[in-house]
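Novice: Please model the entire structure based on the sequences and the hints provided.
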Amino acid sequence: MKLTVKTLKGSHFEIRVQPSDTIMAVKKNIEDVQGKDNYPCGQQLLIHNGKVLKDETTLSDNKVSEDGFLVVMLSKGKTLGSAGISSTQFASNPPTTVSTPNSTPLVQPQSANNNASATDVTTTNVTTNTYGQAASNLVAGSNLEQTIQQLMDMGGGSWDRDTVTCALRAAYNNPERAVDYLYSGIPVAAEIAVPAASYPISQTTETGGASVGAVPGVPNSSPLNMFPQETISGAGAEIGSLDFLRNNPQFQALRSMVQSNPQILQPVLQELGKQNPSLLTLIQEHHAEFLQLINEPVEGSEGDIFDQPEQDMPHAINVTPAEQEAIGRLEAMGFDRASVIEAFLACDHDEQLAANYLLENAGDFEG
Amino acid sequence: MTLGLGGSSVVVPRNFRLLEELERGEKGIGDGTVSYGMDDGDDIYMRSWTGTIIGPHNTVHEGRIYQLKLFCDKDYPEKPPSVRFHSRVNMTCVNHETGVVEPKKFGLLANWQREYTMEDILTQLKKEMAAPHNRKLVQPPEGTYF
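Going down the list, the sequences are from chains A and B.
Start counting the first sequence at 1; every next residue gets the next number (the working numbering).
Start counting the second sequence at 1; every next residue gets the next number (the working numbering).
Hints listed in this document are in silico derivations from the structure and should not be mistaken for laboratory results.
A quick note: this is a predicted structure, and the numbers were derived from the prediction, not measured.
Be aware that one or more of the hints could be misleading.
Straight-line C-alpha distance at most 25 Å; calculated PhoX-like pairs for lysine-lysine [as the list claims (entries may be wrong)]:
1. K9/A / K27/B
2. K27/B / K51/A
3. K69/B / K63/A
4. K27/B / K2/A
5. K27/B / K127/B
6. K69/B / K54/A
7. K127/B / K104/B
8. K63/A / K51/A
9. K51/A / K127/B
10. K54/A / K36/A
11. K104/B / K69/B
12. K74/B / K54/A
13. K9/A / K126/B
14. K127/B / K9/A
15. K136/B / K79/B
16. K126/B / K54/A
17. K74/B / K51/A
18. K9/A / K136/B
19. K2/A / K74/B
Distance ranges between label pairs, derived from CB positions [claimed, not checked]:
20. P103/B / Q146/A: 56 to 64 Å
21. Q146/A / T144/B: 29 to 37 Å
22. T281/A / Q113/B: 17 to 25 Å
23. M1/A / V100/B: 51 to 59 Å
24. K54/A / P13/B: 17 to 25 Å
25. N95/B / D160/A: 26 to 34 Å
26. M1/A / S48/B: 42 to 50 Å
27. T98/B / Q18/A: 27 to 35 Å
28. P103/B / A288/A: 41 to 49 Å
29. V12/B / N361/A: 30 to 38 Å
Note that the Cβ used here is the ideal one computed from N, Cα and C, for glycine as well.
Specialist: Structure below.
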């Protein structure tokens, strides 16, 4: 049978299918017809009569009939699989001790009699802290070097070392998210420095408990724990409200990042689940309150293009003579021209709706 | 069918009206960014419907699919259907706990007229997503449901 497939670009095309075909088979069919670059089957979503069709069901299960139509859209997520690298490469747990490359020693421990020369190159084993155990897919040390190389190979030469390093830094050393950034662009918000946590993560060396600083030039060698466990052990958490987050500097930094790039919220929450499961549980229990908190305006924040005043974006609107008359009639009701035009456009050129709108909001328009 | 005064207006009975809407839904609406259909083809009263809205461009909703449930009771279209988001969404007119579109906060339902259709509801909700007070609101993670 013949099916019409609509795209969100406004075009449509036809495919030949059988009622017994699975949705997955239909997606492959679309991929063949339209090309793998345009409609990779892994990213397709098919919609019919208000339902998103599941891969394992058939066309007849979904009552898709002869000469019916489907809507195809592409999901945003770019899978690692399609880039020719298995995501399991990144998912394996790092060893419990992380060796740093010889060229960049983290610490040069002094021997007991203090006669070690400053030029001694020492490989230091850093014992993992609770953060390291939780964030199993974050990389550091020699793993980091290896990951940078892997990502560069994956790009086939199109990504240079700096770009990859920058993406990793923006992704807080999460390779899977870094790949996402490399494909879709590194969000500007992710490059903003986040204030240091008020509970620094101390990493103890085997030799003498010296605190390890971040290595310059290496992205997030000691990644930042945005919400350390201690921050929710206060009374606020016990009450079961999220109010204690409002004045938390890490949360404020997160809020400004999320407001300038809302897409970052989901990965941040996933990371939070690894770092601090109890806080994530609390957020899930108070979902509405969390959304309210995160949408509160940030002090001193600048608006973006959506918030710019009308005069910054001049535009002319053409109206037909009939619409001109309608605007005239609405003006005759006693409203000023600017308000009438605003209401008329807001109501999609529907005179009746615009009249209702103007009457309902009469108080707002009176100067 | 009942004729109005002087034979000028015709009040289409509920079932005929819903059959019209069903047919229109099956033919496809506009650019495909909103669509709807019956939940259960065997329900002779045609009460439960499913809708989808594809988030509008240049908003936080872009590239997301929102699934909704619409319920047309026996007094439809005199009274509006009840509308509930199945996919989690953060909008001013949607109850954060239940996903129900609150009629008082959504003009089309608040000022319902019998000529309005489920297509109008979905189209208006899509416009609402692009309204200044909704287009930038941080959204729950994709793929989560009420």
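Novice: Give a verdict on every hint.
Specialist: Hints, verified against the model:
1. K9/A / K27/B: holds, 18 Å
2. K27/B / K51/A: holds, 15 Å
3. K69/B / K63/A: holds, 18 Å
4. K27/B / K2/A: holds, 14 Å
5. K27/B / K127/B: Between K27/B and K127/B the Cα gap is close to 22 Å, so the pair holds against 25 Å.
6. K69/B / K54/A: The given pair, whose Cα atoms are some 18 Å apart, holds under the 25 Å limit.
7. K127/B / K104/B: holds, 17 Å
8. K63/A / K51/A: holds, 11 Å
9. K51/A / K127/B: Holds: K51/A and K127/B sit about 20 Å apart, inside 25 Å.
10. K54/A / K36/A: With a Cα-Cα distance of about 20 Å, the restraint between K54/A and K36/A holds, given a limit of 25 Å.
11. K104/B / K69/B: Holds. K104/B to K69/B sits at ~18 Å (cutoff 25 Å).
12. K74/B / K54/A: Roughly 31 Å between the alpha carbons, so the hint for K74/B and K54/A is violated.
13. K9/A / K126/B: holds, 17 Å
14. K127/B / K9/A: Holds: K127/B and K9/A sit about 18 Å apart, inside 25 Å.
15. K136/B / K79/B: Between K136/B and K79/B the Cα gap is close to 32 Å, so the pair fails against 25 Å, i.e. violated.
16. K126/B / K54/A: holds, 24 Å
17. K74/B / K51/A: Holds, at about 24 Å.
18. K9/A / K136/B: holds, 23 Å
19. K2/A / K74/B: Between K2/A and K74/B the Cα gap is close to 36 Å, so the pair fails against 25 Å, i.e. violated.
20. P103/B / Q146/A: 56 to 64 Å: Since the Cβ atoms of P103/B and Q146/A sit about 57 Å apart, the hinted range of 56 to 64 Å holds.
21. Q146/A / T144/B: 29 to 37 Å: Given a distance of about 34 Å, which is inside 29 to 37 Å, the answer is holds.
22. T281/A / Q113/B: 17 to 25 Å: Violated - the Cβ-Cβ distance for T281/A and Q113/B, about 46 Å, lies outside 17 to 25 Å.
23. M1/A / V100/B: 51 to 59 Å: violated, 39 Å
24. K54/A / P13/B: 17 to 25 Å: violated, 35 Å
25. N95/B / D160/A: 26 to 34 Å: violated, 49 Å
26. M1/A / S48/B: 42 to 50 Å: violated, 27 Å
27. T98/B / Q18/A: 27 to 35 Å: violated, 41 Å
28. P103/B / A288/A: 41 to 49 Å: At roughly 19 Å between Cβ atoms, A288/A and P103/B fall outside 41 to 49 Å, so the hint is violated.
29. V12/B / N361/A: 30 to 38 Å: About 32 Å separates the Cβ atoms of V12/B and N361/A, which means 30 to 38 Å holds.
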